[in-house]
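Visitor: The primary structure of each chain is shown beneath.
There are 2 protein chains.
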Amino acid sequence: MRKISIIGLESLPDVRPGDNIAELIVEAAGREGVGIEDGDVIVVAQKIVSKAEGLIVDLKDVKPSERAIELAKRTGKDARFVELVLRESSHVLKADESTIIVDRGGFVCINAGIDRSNVGGEARFSLLPSDPDESARRIAKDILRLTGKRVFVIVSDTSSRPLRQGQVDFAIGLAGLNPFRDYRGKRDLYGYMLRVKRVAFADELASAAELVIGQGDEGIPVAIIRGVNVEESNSTAKELTISRELDLFSGAV
Amino acid sequence: MRKISIIGLESLPDVRPGDNIAELIVEAAGREGVGIEDGDVIVVAQKIVSKAEGLIVDLKDVKPSERAIELAKRTGKDARFVELVLRESSHVLKADESTIIVDRGGFVCINAGIDRSNVGGEARFSLLPSDPDESARRIAKDILRLTGKRVFVIVSDTSSRPLRQGQVDFAIGLAGLNPFRDYRGKRDLYGYMLRVKRVAFADELASAAELVIGQGDEGIPVAIIRGVNVEESNSTAKELTISRELDLFSGAV
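Line order of the protein sequences matches chains H and R.
For the first sequence, my numbering gives the first residue as 1135, with consecutive numbering after it.
For the second sequence, my numbering gives the first residue as 1135, with consecutive numbering after it.
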């Protein structure tokens, strides 16, 4: 029997700019009797990382560029919102009435990951952390300092995906873990050598954590995954992105 | 504190044509002291479902059509393998040296989901179950008969996906559960109404199960997810597929 536990922390306070996420996690884990253990994978929803890093923008403070005004007309969106999306993107892949899809340094995402849920205020939006790997590393380092425990950290974000209905969580920042479990070159039950199998383990961990990370009025922004066999690495979440040339699905979506 | 457990069953025997998967699961869960409980989500790897249903094909028994021979030349693959892919597909979306991507009744997948890992024999391949929802329902029904427990069943498959490196597990068959957790119309922490959020919960459950479902020489083809709040429904996995028209990413991959 192999067992993994996914534990959602329910007592984190509403996060404010300047808050130390690691401290809030350690306090909540202590309060809830969960504690922090060596080898825990701590999955943190992007939203509270952005809040702690002060990445909440009010549209009234945004001046749209000419390009944003033009794209806003074409997509039927608020030009100030479009301005934010453009500032947060390397380039625009698609823009129509339904959606703006952009490339954000390799990450392809809708509206550059900008959204207004759980932020407060009708015109307030959260931006993604500028360097989610660095955010994850800082949380892991602070947890080590506070508890003496070596943990892995994933910053996760919820996103739509091609070819499927509904959203799932993905890893957008990593600290300490190899995002892949690579079976290539290994043998199956019958000795056949696997040639393709390389599981995006960090994305699966993010999706698993989402099972307890509530949205809406639930407010569980952190999950601890305990008992999972994780490979140590200095990898970044950038390794989960793929070029158009290597993407098997290019032209098929 | 909210807690979910993912338990991998390690003692299932090698599955053979005609085996009753539900019996094997109930026996292994008993042997390993895990048992079966009401509300368990039982995730079963497609491979053992296909094996039990006798969906293993040896290429020596396959006669390629002219169309398969032509496509085999273009893709550099074995014409008999291409013949199997064509038989299992509604239509071909893309075919080149790297890959054949097909539509399988709404499910877009590489090589129609045909592969040869954990099957045994150099030229033996497993096909996907012809009706994975029916396969899942049969397992759930048999478990109810054997144990008196009402469980949810997901048949999962590992697949590459657009825009990201590596593979994750998806739900290709469902019994008893709503594949979505729909937050649309609900309010966030600050009372803002969520308009888009609809989580593909069944896919996240499949990915979570994959964390323990080993491949290679590990052989854990079944995971029990316990403690998760699942909504009952007569849904099918088909609801997780999306039309090209509704797919926000159409033309952007």
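Watch out, some of these pointers could steer you wrong.
Unchecked claim - Pairs of lysine to aspartate or glutamate residues, derived as EDC-like cross-links and limited to a Cα-Cα distance of at most 20 angstroms, are as follows:
hint : chain 1 : residue 1 : chain 2 : residue 2
1    : R       : Lys-1137  : H       : Asp-1172
2    : R       : Lys-1320  : H       : Asp-1237
3    : H       : Lys-1320  : R       : Asp-1148
These aren't lab readings, by the way, just hints derived from the structure by calculation.
Visitor: Now look at each hint and say whether the structure bears it out.
Guide: Hints and how they fare:
1. R:Lys-1137 with H:Asp-1172: The hint holds at about 19 angstroms.
2. R:Lys-1320 with H:Asp-1237: violated, 30 angstroms
3. H:Lys-1320 with R:Asp-1148: Holds - the C-alpha atoms of Asp-1148 (chain R) and Lys-1320 (chain H) are around 19 angstroms apart, at most 20 angstroms.
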